[in-house]
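A.B. asks: Assemble chain B onto chain A, guided by the hints.
Given next are the chains, with one letter for each unit.
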Amino acid sequence: MNITCTTEKLKNAVSLAERMTGKALTLPTLHAILLTATGKSIKIRATNLNLGIEIEVPATIEVEGSVLVKGEVLANVCNHLSDATEVRLTLDHDNLTIQTPQHTTVIKCLPSDEFPTLPVVEGDHIDIKTSVLQEGIRSVYFCAAITDIKPEIASIFIYSEENTLCFVATDSFRLAEKKIHVKAVPEISKILIPFKNVADILRVLDVAPETVRIIYSRNQIAFLGNGLYLTSRLIDGGFPPYQLIIPKETLTKVVLLKQELLNTLRLSTIFADKFFQVAFSIPEDKKNITLSSKNSDVGSSVSNVSAAIEGAPIAVEFNLKYFLDVFQALSGDSVVISFTQPNKPIVVQSVSDTSFLYLLMPTNR
Amino acid sequence: MDSNLTQLWDTCLGIIQPQITKATFNTWFNNTGISKEEEGIIYISVPNEFAREWLMTKFNKIILKAIVDNASHVRAIEFVISRLPTQTIIPSNNLFSAPTGQPSTLPLENVYINRDDNLNPRYTFSNFVVGPFNELAYSAAQSVVKRPQHAYNPLFIYGASGLGKTHLVQAIGNEIKSSFPEKRVLYTSLEKFMSEYVSSVQNNRQQAFQDKYRKFDVLIVDDIQFIAGKEGTQNALFSIFNVLHEQNKHIIFSSDKHPNHIIGLEDRLKTRFNAGMTLDIQEPDFESRLAIIKEKSFQLQFPIENEVLSYVASAVTGSIRELEGVLNVITMHSNLKEKPISLAEVKVLIKNNVRPKKIISIDTVVKLVSDYYNLDERVIYEKTRRKEIVRARQIIMFVLREDFNESYPSIGAKLGGKDHTTVIHSYEKIKGELVNDPHLMKELEDIRILFK
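Chains as they are written, first to last, in my numbering: chain A, 58 to 422; chain B, 6 to 457.
Since the hints were derived computationally from the structure, they do not count as laboratory data.
Values in this document were obtained by computation on a predicted structure and should not be read as measured data.
A few of these clues could be false.
With a Cα cut of at most 30 Å, we get these calculated DSS-like pairs of lysine-lysine [stated by the list, open to error]:
#: 1; chain 1: B; residue 1: LYS63; chain 2: A; residue 2: LYS100
#: 2; chain 1: B; residue 1: LYS63; chain 2: A; residue 2: LYS253
#: 3; chain 1: A; residue 1: LYS186; chain 2: B; residue 2: LYS220
#: 4; chain 1: B; residue 1: LYS217; chain 2: A; residue 2: LYS236
#: 5; chain 1: A; residue 1: LYS165; chain 2: A; residue 2: LYS97
#: 6; chain 1: A; residue 1: LYS100; chain 2: B; residue 2: LYS66
#: 7; chain 1: B; residue 1: LYS66; chain 2: A; residue 2: LYS127
#: 8; chain 1: A; residue 1: LYS253; chain 2: A; residue 2: LYS331
Computed footprint of chain A on chain B, listed as stretches where at least three residues anywhere in the stretch have a Cβ under 8 Å from a Cβ of chain A [to be verified]:
#: 9; region: 28 to 41
#: 10; region: 58 to 64
Heads up, the beta-carbon is just placed ideally off N, CA and C, and yes, glycines get one too.
If we strip away everything but chain A, and leave its shape as in the complex, we get (with noise of 0.2 Å):
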């Protein structure tokens, strides 16, 4: 092997794809990245069996071939390379040597017959915005569970509805749902990304093009798009019937400003309880809500947030960490609270959006 390409774009498929090596695994081939100079490009590929990537990266190529080198140590070496806008590798028996008219590096190679292909997925195929994808993955998962007990709500769940694609993600203490409207969106019963996974996808779809495209099957998810394809397992399971236990009525309706009850519900925190305990409470002439957080070791705080109210009064607590996570989700600049029953989810939205929806249990009394 022996070939020439940017530094810079070297640098990036590098970094990416090092972040998806197997370092947790006991096989050392996984530990490493493969490269594989064919044709007008080299191929960059790692994986940890849980997700696995290939970036193509355009290079000049000479002499043909592929090298297997450390993702750890390949990345460091490419991190300090800036000096030069190309980079030549040259692979001579077991050495890569790296090199810019400043720096010369060799690196030791591995046997590469034992790196993985990574999976090819049959299936459905979508082309969609990537940044649709990433609008409503960011808009909701921060709510998946984080255990792997119920593996199907460690993770976020994409299906399709008419013109609308939507991801739903919860951790069974709250839920969150964004619905985005998509022209001409293919039938998508269900996709469930693991939570673990989320991470790393969002990180290579900010490089990706515009448009990617999605393979799928029931167990695996394909990404493709302009020289990179990157692939996650998907779980194999069913997603609850969530729909089912959005309230359907309301009996108290609060409109506040949403900085206003940010700031407040901040200020609360610092006397919360050890159950990040927060009572929200209508007195009768229905003016104000009133926020409370007590802590028997550093104080306590009342405060009035102004509202317009509809409904009757009301009395309930919740988590705190539960209601601060929703803020990094809503647009606009007020905030709809719906109140049914005192043991019954509580719905949070912007008043200016509707697409996105937060339901959020009330903590036990």
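C.D. replies: Frame of chain A; chain B shown alone:
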């Protein structure tokens, strides 16, 4: 996994392990197993697609060799991805038991319908009670799950409401899914099918609709009788049926009527529905009802005295759904009173569910049968030997004896003063003909429906 296969796989792993490094072995062979063997093909279950891909490209040869050395009849191996282990269902009463201050959980159900195939995992063969009333349908279902896409295609199950048709067809789906994970199964009700069809017409996406249904290996359509008179839906189903049937995909229907009795069903569909196996589920007899109610009370984990169970089984005839309802009422009452319920209390509780035995007079029988044969009921009582009247009269006599247990002399006296030997002769004649005459059998079946 059956124990022979487990043993075979253990032996194979023993052979493979020394040939590769420990790390390689642990990485690729962890959580693998043999899921099943079929027609000389061993299906090896692997945890994910990565392992499948690599075992297939890299280790196919040594695995096959290891297996063939130990089981010479094996011709090939295939890799399948194992499903999630089934989870133990935790009762969702943690809503009330969580300590104060802890966030409570959303009431998401633990048992749910799989969105992929609409099957409810609760419907399985293990909780399906088999009795004389449904054993034919059950055994046909068993042949289907053993060899889907071969035996009895299409399978058409019919019977009155609440007799377990949905349970049976869903159990077929669930069973096929667990023994053939690679097969794509879909359960749908005709109503759902129809509303999808209608919306596909509205959005001009009929092709997508057709494609969706054509990709399944097993298609189960419940309550097909609602297709009656819906021409567009019939057309759509017709073409899907043809495509699936041509490709030897399995199709299963349930209905409350025999296909031939669904009014407004096109003939081309009737003949197709009848092309495989058409079976009915009858009303359960006493023993079956007792077995069913015992099974249900076991599922509810609610022990009920045998005396009460057998009273309920004898009093509540008809559909299984009614039995379930009664059982729920009993459970609720004893929960409320926090003590087991007595027989006397049960009798009061379920008095509304008990159907009085229908009393039907000889005159009514005569009227209904003569109506069925398009005769004036008066001619039955007359002394005439016209062929069609004699025939109808004989059938009336047969029915009165067989179904209503009237005595021969009283039947004779009522039908225009016939001698009891005449009645006996008619009874025996019809009984004899019934054995070889399917038309007559059909007629009697129809007549009996009229009595209900």
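A.B. asks: With a cut-off of 8 Å between beta carbons, are at least three residues of the region 28 to 41 of chain B near chain A?
C.D. replies: holds (count 4)
A.B. asks: Take the C-alpha atoms of LYS253 of chain A and LYS331 of chain A, compute the straight-line distance between them, and say whether it is at most 30 Å.
C.D. replies: holds, 28 Å
A.B. asks: For the pair supplied as a hint, LYS63 of chain B and LYS100 of chain A, is the alpha-carbon distance within the 30 Å limit?
C.D. replies: Holds - the C-alpha atoms of LYS100 of chain A and LYS63 of chain B are around 21 Å apart, at most 30 Å.
A.B. asks: Could you grab the alpha-carbon distance between LYS165 of chain A and LYS97 of chain A and see if it respects the 30 Å cut-off?
C.D. replies: At roughly 25 Å apart (the allowed maximum being 30 Å), LYS97 of chain A and LYS165 of chain A satisfy the hint.
A.B. asks: Compare the distance between the alpha carbons of LYS186 of chain A and LYS220 of chain B with 30 Å, and conclude whether the hinted pair is satisfied.
C.D. replies: At roughly 27 Å apart (the allowed maximum being 30 Å), LYS220 of chain B and LYS186 of chain A satisfy the hint.
A.B. asks: Checking one constraint from the list: CA of LYS66 of chain B to CA of LYS127 of chain A, max 30 Å. Satisfied?
C.D. replies: holds, 29 Å
A.B. asks: For LYS63 of chain B and LYS253 of chain A, compute the direct alpha-carbon distance and say whether it is at most 30 Å.
C.D. replies: Distance of about 28 Å is within 30 Å: holds.
A.B. asks: Between the region 58 to 64 of chain B and chain A, are there enough contacts, at least three residues with CB-CB distance under 8 Å, for the coverage claim to hold?
C.D. replies: holds (count 4)
A.B. asks: Would the pair LYS100 of chain A and LYS66 of chain B pass a check requiring their Cα atoms to be no farther apart than 30 Å?
C.D. replies: holds, 28 Å
A.B. asks: Holds or violated: are the alpha carbons of LYS217 of chain B and LYS236 of chain A at most 30 Å from each other?
C.D. replies: holds, 23 Å
Violated hints: none; the structure is consistent with every hint.
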